[in-house]
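K.L.:
Assemble the whole structure, with the sequences as input and the hints as a guide.
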Amino acid sequence: TLSGADKTDVDALLNANGTQSSDSITYNLAVADDWNGPITGGDISDLTGNGITVSGISAVPTLSYSTDTFVEDAANDGTISTAITITLSDDTFAADLSDKIVATNVPAGLSASFARTSDTVVTATLTGSATAHANADDIADLSFTFQDGAFVNTATASDVTGYAKSDLGIDFSDPAPALPSFQTPVTNPFGLSAMDYLATPTFADLDGDGDLDALIGNQDGHSFYFENTGSATSPAFANAQTDPFGLSNVGKRAIPALADLDGDGDLDALIGNKDGNSLYFENTGSPSSAAFANAQTDPFGLSVEYPFRYVSPTLADLDGDGDLDALIGNRDGNSLYFENTGSPSSPAFASAQVNPFGLSGVGPRSSPTLADLDGDGDLDALIGNDPGNILFFLNGTPPGVTVAQTDGDTSVTEGGATDTYTLVLDSQPTADVVITLDTTNDQVSVDTPTLTFTNANWNTPQTVTVSAVDDSVGEGPHFGVIAHSVSSTDTAYDGLNIDRVSIQIADDDLPSGAPTFQPPLTNPFGLSDVGTFATPTFADLDGDGDLDALIGNNAGQNFYFENTGSTSSAAFASAQTDPFGLSDVGFNASPTLADLDGDGDLDALIGDRYGDSFYFENTGSTSSAAFASSAQTDPFELSDARHVVTPTLADLDGDGDLDALIGEFSGNTFYFENVPSNSAPSITSATYDSSTNVLSVIAANITSGDTIDVSKLTLTGEGGQTYTLTSANVTASSDTAFSVTLNATDQLYVEGLLNQDGTTSAGSSAAFNLAAADDWDTAVTDGDTSITTSTVTVSNTQTPTITSATYDVSTGVLEVTGTNFVHQDGATNDIDLSTLTFTGAGGSSAAFTLTTSSDVEITDATTFSATLSGADKTAVDALLNANGTQSSDSITYNLAVADDWNGPITGGDISDLTGNGITVSGISAVPALSYSTDTFVEDAANDGTISTAITITLSDDTFAADLSDKIVATNVPAGLSASFVRTSDTVVTATLTGSATAHANADDIADLTVTFQDGAFVNTATAADVTGYAKSDLGIDFADPVPIPALTYSTDTFVEAAANDGTISTAITITLSDDTFAADLSDKIVATNVPAGLSASFVRTSDTVVTATLTGSATAHANADDIADLTVTFQDGAFVNTATAADVTGYAKSDLGIDFADPVPIPALTYSTDTFVEAAANDGTIS
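Per the numbering used here, residue 10 is the first one in the sequence shown, and the count goes up by one each step.
Any given hint could be a false lead.
What the hints assert, rightly or not - Capping the alpha-carbon separation at 20 Å, the derived lysine-lysine pairs in PhoX-like fashion look like this: (1) Lys109 to Lys16; (2) Lys1158 to Lys1093; (3) Lys1040 to Lys975; (4) Lys261 to Lys283.
Since the hints were derived computationally from the structure, they do not count as laboratory data.
P.N.:
Listed below in structure tokens is the structure:
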């Protein structure tokens, strides 16, 4: 039971119930040696693995925060819409907290507010707009302090753990990068000079000094090199050198480009010319010293022949596969794209594609260059032309609007249910985008006539609520259509086409029960005879809310009777023949009207005598029909229905679209089910499990067994970037699902996009999305089946981890092995090398983080490679200074990576700091001598001779055959001589002969020196180039003579006891040095000349002590009986290490004495007489 200071100290350590302390240290009880006595004779200490379970600590109320950081809104306007939830355990909040929470260090423009949302939860928010809200204005010292009275059961706030929190942060963001703003041009700056005409410059670091040099082609086919002798930020160009480093004239109009086409780390040259050739000059030099080989014309599959002359090449990784593609301008103003289907070190260009990726012709003589001008991580194009204009092609998501209907359709009821759909922009606009809604045929209404998207809310879907117009016309199931128009000063969005939305409407006006028809009226309401085979249909063709008549006849004509009355009192005007662009269909015209193309107006489908159905698209409007001039015969996969066909259209299967029912002359009725857009296969959602690499898709309107074309599936993730899958096609597992197990390439790319659990990305909070191009379900090819929006939910995101690395010092190549590496969108950015820190020689204090090496791409999920050069290589080589896994000072190599080294994966910290060993190679071995020991030892005879030898072993070389004068020994003690014998190609044995004159222990030396001379080694001429060629700290260990065991006695004399009774109470201690007594001494000690009445006994009290005593009582023990010749003699076998007892000094002692004493005399009084006598006078006196 602990108490006092012990309990106080232990309680402070074991400060939380359970097995860990409040700072997450696992409890342990250690015991030192002999804690349970001297058991085993060895060390019984037990220091680790002895856990302690603590209890009895009363729960302390504690505040916890859902996060430590408020995040600025995406609008980058200084507002904070995120909240922090503060949760209280083991107490409850007071009902009124109005003055009980104080916030300090709140940035100007913001105010902190706190809402008690339950007994144990407070929600903290920041309202207003921060005055300063750039990324540099981030803070990490926002403080919240709870005051006394904030808690029901804890009067003093400071008794609650976390009552004051001073490390809250606010994460502000800089605005998205803007397009560059260029200054007025300066002619021939920084020392550049005129090139006659048609100067075509390119810039690169050709001399490896860290700044950009200029290479400028001209009309005459030369390339002029201007070395930058200034700096990276302040260029100063030297005079031009013509066709340097082995470059040559290329004919007319040299247009150079520089890039590492063969992957060897230096810049090669590709120079276009007037004749349409691209001349390749391989750099066989180095990054700092270019040397170009002879030109190769149109290598690697490049071919830009006549009439594509005046070629202007540039090189970049346009498809993000890690190698350089070519974009080559030509005389006609086109840009030809040659995809590199080879590798970074072995290019192979595919056939040219003309003006790909949305590029277009720019007029005479296209001259492209590529760079990320808007800071969004991809390459934009700037293309110059002959008139002197520069055309900018921004690389980005094309403008567009995504329309998503709730549950895949929009259905409403007159006087009843409403429905919704959403619209959202596909890319950020440069100005407000206004979308105006038009209800076309006025069968529906919407809750808002316009939607406005800004560059702040462009990616937030806006909802439209749709209601049916509750009219009094009995129409049955019918449709409404909402059209959209776009206006904006952003020309990319202004006038953009958006899909219309078809609304299914349930009618509430038709009476229930069986109808009762009145007697017929002939040609009522103003209708007139149209001839034989009159076939009427009714619809509102002029958009005035009542039903007009369209009647076909035997002659193939169509008669239009406009209803000038009302919905309840028809009055038809005189007939118009084949109005609005309709035309004669031959014989037996049988019209019907319906919105077949979903644009909100009524189209016409007219049957004829010969079994055909003619489709007239209404290209006008709901109130002003205008039918296309030429009919389509049997459209939408309708087929010939034999003879005299009469079509009608209705949603017969209740799937929201119009099916066709066509009667014919023989009395048959043909049903054509509509299975287009509204029944098209669709994707509703998807999940991606990173642990299994399986994309599981929930779909509708597919059929089990359908083949899914995986190459038409595109995922969107981090940064809004997209990736189209390349995995093999799969088969739908059911009518609602299919799954794709991603191939290795897809895994790399997808897991960089879908980079954290949930539905948004880790770095940019971009929504995860799966889109599908048309015909993704190969069983359905009719109509457009493309899908633009479906949410992807990610689980089990895998953390990239490094397990080991190798580094070749001779080449600078670092090969890293691990798991779960992912690809990041863009070129050469998968692994951020600036996050790599090396530990080696000098330990952690000398660790080095890469600063100059370029980021690298990965090709698989388990390895990446980087070639270090320049300052990085110099620093790393100094740390990794020995082959193997440890430095020359025995520090184990380690490669640490900081957070986000492989991108913002998981949304958490992916730093990997320890346990990542590096195996180093490529360090040329330096021959070295090693010694079996540093010390010669004197022989046991202690006569100054040395019989031990030292073996000297040579690594990475061999000894010369003759070493007779090649090894010199100095500081050899007098009397000794050093000799060296070559016992093999790599071993020499060193010995000392003779006898040292002075060889006491005090004569030890530690400076005996052995020095190998030039010529001692076969492959190393200079001996000093061999590590350990001179060794000056060899020693000789001399020994003093071996000590002789000796016995000493604590006294020479036994003394008689004070009682003077002949007993001896004193004992003599006999001590042995430089040996130990035998365990059994019962017959190994003999005592002689012992006085009568006494006996000698000897007790071994330790390894080196015997106690001698005399027992009994001496017969004669007067002082005169003292003796001085009592003898004790140790016998052979009495000593452990000395067989002959006589070899032990003092083994026989014959001068021991016994000091007896006479009795002590007793003082006594004697009296002269016993009687006093009276005087004779008899007078009473005593004389």
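K.L.:
Tell me if the straight-line CA distance from Lys261 to Lys283 falls inside 20 Å.
P.N.:
Given pair Lys261, Lys283 holds - Cα atoms ~5 Å apart, limit 20 Å.
K.L.:
Check the hint pairing Lys1158 with Lys1093 against an upper bound of 20 Å on the C-alpha distance.
P.N.:
holds (14 Å)
K.L.:
Given the hinted pair Lys1040 and Lys975, is their alpha-carbon gap at most 20 Å?
P.N.:
This hinted pair holds, its Cα atoms lying about 14 Å apart.
K.L.:
Within 20 Å, alpha carbon to alpha carbon, are Lys109 and Lys16?
P.N.:
violated (37 Å)
Hint 1 alone, counting from the list given before, is not met by this structure.
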